[in-house]
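Below are the chains, spelled out letter by letter.
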Amino acid sequence: MTQKTIDIEVLRYNPEKDYKPSYQTFEVPFADETSVLQGLQYIKDQLDGSLTFRWSCRMEICGSCGMMINGVPNLTCSSFLRDYYPGKLRIEPLSHLPIERDLAVDQTDFLQKLESIHPYIIPKENQSVEEGPFKQTPAQRERFYQYSECINCLLCYAACPQYGLDSDFLGPAAMALLHRYNSDSRDDGKAERMPIVNAQEGVWACTLVGYCSEVCPKGVDPASAVNRNKVNSTLDYFFRFMAPKGAAE
Amino acid sequence: MATRRPYMRPMAGWWRRNPFYLFYMLRESTAVFVTLYALQLLYGVYTLTVGQAAFEAWLARLQHPVYIVFHALALAAALLHAFTWFNVAPKAMPALYLGTRRVSDRTVVRVQFVIFFVVSAIMLGVALGG
Ligand code: SF4
Ligand code: FES
Numbered sequence: 043m044t045q046k047t048i049d050i051e052v053l054r055y056n057p058e059k060d061y062k063p064s065y066q067t068f069e070v071p072f073a074d075e076t077s078v079l080q081g082l083q084y085i086k087d088q089l090d091g092s093l094t095f096r097w098s099c100r101m102e103i104c105g106s107c108g109m110m111i112n113g114v115p116n117l118t119c120s121s122f123l124r125d126y127y128p129g130k131l132r133i134e135p136l137s138h139l140p141i142e143r144d145l146a147v148d149q150t151d152f153l154q155k156l157e158s159i160h161p162y163i164i165p166k167e168n169q170s171v172e173e174g175p176f177k178q179t180p181a182q183r184e185r186f187y188q189y190s191e192c193i194n195c196l197l198c199y200a201a202c203p204q205y206g207l208d209s210d211f212l213g214p215a216a217m218a219l220l221h222r223y224n225s226d227s228r229d230d231g232k233a234e235r236m237p238i239v240n241a242q243e244g245v246w247a248c249t250l251v252g253y254c255s256e257v258c259p260k261g262v263d264p265a266s267a268v269n270r271n272k273v274n275s276t277l278d279y280f281f282r283f284m285a286p287k288g289a290a291e
Numbered sequence: 005m006a007t008r009r010p011y012m013r014p015m016a017g018w019w020r021r022n023p024f025y026l027f028y029m030l031r032e033s034t035a036v037f038v039t040l041y042a043l044q045l046l047y048g049v050y051t052l053t054v055g056q057a058a059f060e061a062w063l064a065r066l067q068h069p070v071y072i073v074f075h076a077l078a079l080a081a082a083l084l085h086a087f088t089w090f091n092v093a094p095k096a097m098p099a100l101y102l103g104t105r106r107v108s109d110r111t112v113v114r115v116q117f118v119i120f121f122v123v124s125a126i127m128l129g130v131a132l133g134g
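Sequences listed follow chains V and F, in order.
First residue of the first sequence: 43, per this note's numbering; consecutive thereafter.
First residue of the second sequence: 5, per this note's numbering; consecutive thereafter.
Chain V with its partners taken away, still in its complex shape:
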């Protein structure tokens, strides 16, 4: 039996030579279990060693292999070539993010945003080791668990036209993680994070396109984090009116 092949069209960009990106097509043999990522690795190993892209875990955990496959943000390690056959694939770096080289984007903006939301538990009072861990009931854990599933793959940023139009917007994943800590019963950092939520670049830049939640591979539903915080932001505004010193809750 002859091996099936599929055409993979890849957006190439070499900052040292190219004025702008252009497409290059490769013919790649594949089997039923060949992932799109493996297709790219075949190109890199056999056809053109200069092709640049990121990956690590190959199992939807590290979040580094996100790309546009035929215009849709996806993890390439959990997408399969067979699903695109007999058509072809057009692979591009994640939309709305600057292209560093070929399929690798610059993630700096997101990393800075992630840092800005204080993505860690800020306890009311620190507890010594002797006092033991902070306890939590399953019901309390349930309140934030979904948001803690984020793997920082940035598919949601590639899905968000508002972020593409104005990258000052905090964006889906950073807001989901902000919400994750604000909803944690062990956390007392809400007052520190609310100014980020309330800003024009916070929740109010979102018009609920909703595509972020659609493409998220982890069921985080970042759109719900953003839009639930529109309610929180409004409440926070009124509470600050009534009690000038204390923030909401």
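Hints should not be assumed to be uniformly reliable.
To be verified - Simulated restraints, written as ranges between beta carbons of each label pair:
1) F:V123 with V:F176: 44 to 52 Å
2) F:R105 with V:C104: 44 to 52 Å
3) F:P98 with V:D230: 14 to 22 Å
4) V:F176 with F:V36: 50 to 58 Å
5) F:P98 with V:T67: 48 to 56 Å
6) F:P98 with V:I164: 15 to 23 Å
7) V:K166 with F:G48: 52 to 60 Å
8) F:L43 with V:Y162: 28 to 36 Å
9) V:E256 with F:V36: 21 to 29 Å
10) V:K166 with F:F121: 45 to 53 Å
11) V:F280 with F:P69: 47 to 55 Å
12) V:I164 with F:V130: 32 to 40 Å
Claimed, not checked - Straight-line C-alpha distance at most 30 Å; calculated DSS-like pairs for lysine-lysine:
13) V:K46 with V:K166
14) V:K130 with V:K62
15) V:K46 with V:K177
16) V:K272 with F:K95
17) V:K86 with V:K130
18) V:K177 with F:K95
19) V:K62 with V:K86
20) V:K59 with V:K130
21) V:K232 with F:K95
No lab work stands behind these hints: they were computed from the structure.
For every residue, glycine included, the Cβ atom is placed at its ideal position computed from N, Cα and C.
Please arrange chain F with the ligands on chain V, whose structure you already have, making use of the hints.
Only chain F with the ligands this time, still in chain V's reference frame:
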């Protein structure tokens, strides 16, 4: 060390790139029909203040095919608007819990539809029967 020259792709025409975005634009554009409908209804109320003749002239004008087509479109737009918002409502409201169990998004959406149909049926009954 290689030179860095990050490339930004243009956003022009973004909403045509994906069916999901097209539908989003359609959802948002329903606001135009809803606004026009509200304006002409407001005008109808205004004719009431002018007098019976003005009001009846307005009613007569509504029989014109152009108005009927417009109302059909406005109804379709309003329904699309309402249904799409029912579907995203679970994202905009706080998560609901029954005891320790989270009420699923699907349940929230369904309850809204049930309320919508019940209220619509009652209103239709009142309008036609009354
Ligand atoms: S919210 Fe989902 S799509 Fe966005 S970065 Fe996290 S895992 Fe990826
Ligand atoms: S390679 Fe780690 S998520 Fe795909």
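Comparing the hints with the structure gives:
no., hint, in the structure
1, F:V123 with V:F176: 44 to 52 Å, "holds, 46 Å"
2, F:R105 with V:C104: 44 to 52 Å, "violated, 32 Å"
3, F:P98 with V:D230: 14 to 22 Å, "holds, 20 Å"
4, V:F176 with F:V36: 50 to 58 Å, "holds, 52 Å"
5, F:P98 with V:T67: 48 to 56 Å, "holds, 49 Å"
6, F:P98 with V:I164: 15 to 23 Å, "holds, 22 Å"
7, V:K166 with F:G48: 52 to 60 Å, "holds, 59 Å"
8, F:L43 with V:Y162: 28 to 36 Å, "violated, 52 Å"
9, V:E256 with F:V36: 21 to 29 Å, "holds, 25 Å"
10, V:K166 with F:F121: 45 to 53 Å, "holds, 47 Å"
11, V:F280 with F:P69: 47 to 55 Å, "holds, 49 Å"
12, V:I164 with F:V130: 32 to 40 Å, "violated, 55 Å"
13, V:K46 with V:K166, "violated, 60 Å"
14, V:K130 with V:K62, "holds, 23 Å"
15, V:K46 with V:K177, "violated, 55 Å"
16, V:K272 with F:K95, "holds, 11 Å"
17, V:K86 with V:K130, "holds, 18 Å"
18, V:K177 with F:K95, "holds, 29 Å"
19, V:K62 with V:K86, "holds, 21 Å"
20, V:K59 with V:K130, "holds, 27 Å"
21, V:K232 with F:K95, "holds, 20 Å"
Of the numbered hints stated above, those contradicted by the structure are hints 2, 8, 12, 13 and 15, listed in ascending order.
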